[in-house]
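J.: Here's the letter readout for the chains.
There are 2 protein chains.
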Amino acid sequence: MEVIDGFPSTSNDEYPLNTTRLIEAAARNFPDREIVSGTGEDQFRYTYSESYERIQRLANALEELGVEAGDRVGVLAWNDHRHYESYFGIPGTGAVILQLNLRLHPDRLKYVLNHSEPRFLVIDESLLEVAENVAPDVTSIEGFVVMTDNELDEVKTDLEPTYSYEDLLAEAEPEYDWPYIDETSAYSACYTTGTTGRPKGVYYSHRNIYLHTMQLANSIGISHGDSVAQITPMFHGQGWGLAYAATYAGAKLAFPGRYRAENPEPLVDLINDENTTVTNGAPAIFMPMLDYIRNLDDNPDWNGLQMMSGATEPPLDMIRGYKELTEAEIVHAYGATETTPLVAINFIKPSLEEELSKEEKLDMRRKQGLTVPGVETKIVDPNTGEELPHDGDSVGEILIRGPWVVSSYYDDDRTEESFTDDGFWKSGDAGTIDEDGYLKITDRIKDVIKSGGEWISSVDMENLLIEHPDVSDACVVGLEHPEWEERPFALVEVEDEVDREELDEILSQRFADWQLPDEIEFTNEIPKTSVGKNNKKSIREQNRGRYKS
Amino acid sequence: MEVIDGFPSTSNDEYPLNTTRLIEAAARNFPDREIVSGTGEDQFRYTYSESYERIQRLANALEELGVEAGDRVGVLAWNDHRHYESYFGIPGTGAVILQLNLRLHPDRLKYVLNHSEPRFLVIDESLLEVAENVAPDVTSIEGFVVMTDNELDEVKTDLEPTYSYEDLLAEAEPEYDWPYIDETSAYSACYTTGTTGRPKGVYYSHRNIYLHTMQLANSIGISHGDSVAQITPMFHGQGWGLAYAATYAGAKLAFPGRYRAENPEPLVDLINDENTTVTNGAPAIFMPMLDYIRNLDDNPDWNGLQMMSGATEPPLDMIRGYKELTEAEIVHAYGATETTPLVAINFIKPSLEEELSKEEKLDMRRKQGLTVPGVETKIVDPNTGEELPHDGDSVGEILIRGPWVVSSYYDDDRTEESFTDDGFWKSGDAGTIDEDGYLKITDRIKDVIKSGGEWISSVDMENLLIEHPDVSDACVVGLEHPEWEERPFALVEVEDEVDREELDEILSQRFADWQLPDEIEFTNEIPKTSVGKNNKKSIREQNRGRYKS
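Sequence order for the protein chains is A and B. So that you can map any letter, position 249 of the first sequence is 250 in our numbering, and since no number is skipped, the others follow by simple counting. So that you can map any letter, position 178 of the second sequence is 179 in our numbering, and since no number is skipped, the others follow by simple counting.
It should be emphasised that the hints constitute simulated quantities derived from the structure, not laboratory data. Among the hints, erroneous ones may be present.
According to the in silico footprint, chain A covers these stretches of chain B (three or more CB under 8 Å from chain A) [to be verified]:
1) 3-10
2) 60-74
3) 297-306
4) 367-378
5) 409-418
Every residue, glycine too, gets a C-beta built ideally from N, C-alpha and C.
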């Protein structure tokens with residue numbers, strides 16, 4: 002992008018935005034504010050002041066191990082206080098915290114490690130096996146620091162050399178002289194986990210994280226009076242930045258430790274016990290929590306709780322369910338690893354507050370929301386690159402640019418195809434922007450059905466099909482067509498076949514006749530990918546040629 | 002300061018923080034949100050969307066006039082919508098908005114203009130005389146843009162050439178293609194108005210203003226639900242940044258237009274009528290407003306209103322008065338032109354909320370508060386430069402550093418004495434920091450009384466002396482002493498003399514016997530400076546040698 006020069010300023014513009022300032026401020030202004038880690042009997046509580054001392058010990062310990070500015074240090078951990086300490090202790094020295102997805106396939110994890118070349122891994126004891134599966138094929142790693150309450154000689158592992166996180170901290174000095182780090186230096190490395198292709202390396206700068214933290218705190222309105230529960234995995238784009246925003250504001254901070262969607266009770270208890278006012282997660286965890294609450298004798302009172310929901314569009318039932326049972330508000334936010342992630346957040350703006358009915362507001366809340374200040378979003382025709390109007394109808398690819406949006410992938414030849422010349426990231430999402438500025442994702446670009454020069458949203462069609470009471474799931478793909486380029490094909494999961502007419506009637510709520518699927522096929526089970534999503538690629542392949550004859 | 006390099010990031014770190022993004026976001030997300038300008042019959046209302054169009058017209062008009070990136074454009078105006086438009090319209094082009102203090106002595110104003118060399122002045126019609134007094138001695142100015150509702154040929158002035166602000170806007174295009182400006186380029190120029198010496202030029206960068214805006218919004222907790230009234234003069238360090246924070250958040254925004262402390266009714270009405278939730282000002286205006294409210298039949302209900310109070314320590318009576326009569330909260334904040342200004346803000350942190358009594362909390366609210374995240378403050382011995390402990394007792398000079406604190410003065414040889422080698426600004430304020438992190442200004446360094454190696458606060462002594470019911474004002478200075486270096490001397494304004502013992506008794510609440518003034522003199526009127534402050538310099542001179550004999 003072209004940048005012009007003006008008149009020189011007298012500001013201290015060389016003063017770098019470093020993440021160390023965030024924890025320093027919390028320890029200075031809110032030394033007694035609590036941090037809660039884990040649930041149940043193993044729950045651990047301490048304060049920002051105590052955490053900050055351990056963070057300084059960690060920084061000293063890393064230096065003792067030989068870690069230098071610019072080195073990568075990997076972390077494999079649950080959402081707990083030690084993981085939190087690594088958020089500041091590692092990058093505060095000038096090193097890069099490499100966030101490792103503990104659910105990644107070993108081949109992918111190996112790729113990530115060999116691409117990022119960490120010198121050390123910091124691993125929760127319960128995750129040693131994940132590291133053991135890949136470590137022999139990663140030559141850069143010089144040592145493994147084990148996060149555990151046990152003595153090191155009780156820890157069983159083939160990895161070597163190993164160090165005890167707690168021993169290292171105990172032996173290290175409690176004060177650390179933080180360097181000032183060039184703000185464009187990497188704070189962390191996160192790798193995307195697209196369903197296809199190699200993971201892509203996103204290396205967030207200190208500046209990026211600092212600015213995103215300020216914006217997230219502003220967008221949610223976090224203050225020192227809040228109590229925040231970090232449910233989104235902390236290795237997922239740094240847990241979407243919520244722990245930083247809480248630290249920055251001096252809010253109480255709770256980490257659930259290890260949890261499973263099959264047993265949401267500890268998460269519900271944590272929110273109750275800590276009087277949580279802000280939390281984050283995805284429908285994949287919020288839905289099971291809601292189901293659990295539905296079966297309780299007494300509904301919890303979560304009035305005032307904001308539940309930041311990302312990853313996928315929140316189902317209407319979920320938004321309504323939380324509101325009716327607990328008074329909690331689902332706040333949908335949109336972003337991706339490439340965007341740190343905050344791009345848009347959904348709240349009902351004052352001018353719409355009176356205009357919309359209660360039902361319209363609930364429906365509105367499913368949209369991705371308003372683009373936050375500092376970020377630019379636009380929708381463009383993916384073929385011509387031409388910007389499309391904000392009319393709520395024109396569907397195009399969402400392009401995103403801003404100070405916490407990356408402009409390249411680390412050492413990756415896919416950079417060129419993924420960004421525009423002027424620094425917009427091509428999100429791969431298809432969507433609209435309405436007159437009120439609300440962003441709505443309608444599809445992934447690759448799943449959009451291109452028919453006769455128009456686009457048909459496969460996601461919207463699927464969402465309508467599953468409104469039929471006998472349909473348990475639906476998958477819509479575009480198949481090649483000699484005349485129309487593509488035509489929609491729907492695979493519908495049912496126990497017994499349903500009348501095509503009934504489905505067409507439902508679809509006609511939002512689709513014109515010419516947009517309806519040429520064929521609808523019924524099945525007992527839609528093919529799934531390894532992560533449980535409908536396998537559109539395989540469905541497309543199995544039905545190739547169907548419309549060509 | 003030393004800055005180290007780490008590993009390269011993939012973030013878009015070249016994307017500049019520009020103030021244009023603030024108004025763009027407001028126009029995009031909150032087009033219908035109201036901006037109110039003026040009071041009474043001349044009150045004018047429009048929206049962010051309408052304002053943004055006029056801002057774009059202004060930018061086009063300036064380009065038509067020949068204004069280029071880097072040029073300075075001066076503004077002489079009250080707090081109104083046109084002044085607000087200039088906040089974005091001028092710097093958005095890459096030019097620098099030069100904020101002119103309309104109460105400055107003509108000689109000072111001339112100095113400022115000749116030092117900053119603006120090419121154009123944008124002037125409210127009612128302030129033409131201010132410009133006429135100085136313009137003949139300023140050669141850089143090529144033209145004068147008059148902000149007025151009148152036709153240009155009705156405007157009487159010797160200045161030439163003149164342009165009508167409204168005509169220029171009417172003729173200009175409604176859309177402007179904003180450049181991206183290097184973030185270290187100057188957004189605005191403000192000159193300090195110390196009581197002695199030439200004004201010093203502070204040139205804030207776009208980055209500086211943008212970061213300060215985010216921090217201020219976070220510190221106050223402004224959201225789109227707020228209604229903000231900008232009372233602090235907008236030429237005073239950009240009105241302490243409140244209008245930006247409101248814009249950034251999409252809050253309703255009200256400007257009172259021209260107002261006078263002698264007639265606070267319009268300000269009180271504005272806060273009532275617009276359901277204001279955040280405002281800013283100083284005791285100099287908040288006190289008359291409170292006096293006016295005291296005489297009303299019904300107290301207004303200002304529950305939920307935060308009144309940001311700066312400039313001087315808020316009197317206890319004022320804090321208590323607003324709380325008891327209106328439920329409004331006085332929020333004391335600390336800073337200076339050199340710090341944009343937000344350095345510290347006073348709120349009672351959660352850990353003290355239960356610990357302190359109601360009276361202790363009121364008293365606590367007079368402190369300057371907690372240093373906000375991103376800014377570093379420390380207190381040092383002004384002789385040795387050694388950092389002093391945060392014990393609430395050790396008094397030292399307050400040094401300040403951060404991304405919205407300047408590190409030089411524009412073209413000024415006083416830069417060297419005003420900053421440390423590692424970029425801290427020497428505030429000239431003497432103060433303490435307590436164990437809880439609260440900053441307390443005790444004096445100006447130059448007014449501190451240095452006695453036998455210890456410091457005695459002249460301000461604290463003055464505040465105690467005026468607690469005596471017969472004392473209307475007090476001024477304490479240090480006079481040279483052969484043995485003690487300096488000893489305190491008090492000049493006390495009374496109608497009839499007061500017993501020295503009564504004053505000593507009051508002073509003994511906080512001062513040891515050895516700290517009490519050697520002499521207290523009574524007077525009917527303490528000598529004042531031109532801006533109405535006690536003239537310590539002249540009092541010191543008049544009493545030189547008093548303790549030497």
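J.: Please go over all the hints and tell whether each is borne out by the structure.
T.: How the hints compare with the structure:
1. 3-10: holds (count 8)
2. 60-74: holds (count 4)
3. 297-306: Coverage by chain A is violated for the segment 297-306 of chain B (0 residues, Cβ < 8 Å).
4. 367-378: It holds: at least three residues are needed, and the segment 367-378 of chain B offers 5 whose Cβ sits within less than 8 Å of chain A.
5. 409-418: holds (count 3)
The structure shown violates just one earlier hint, number 3.
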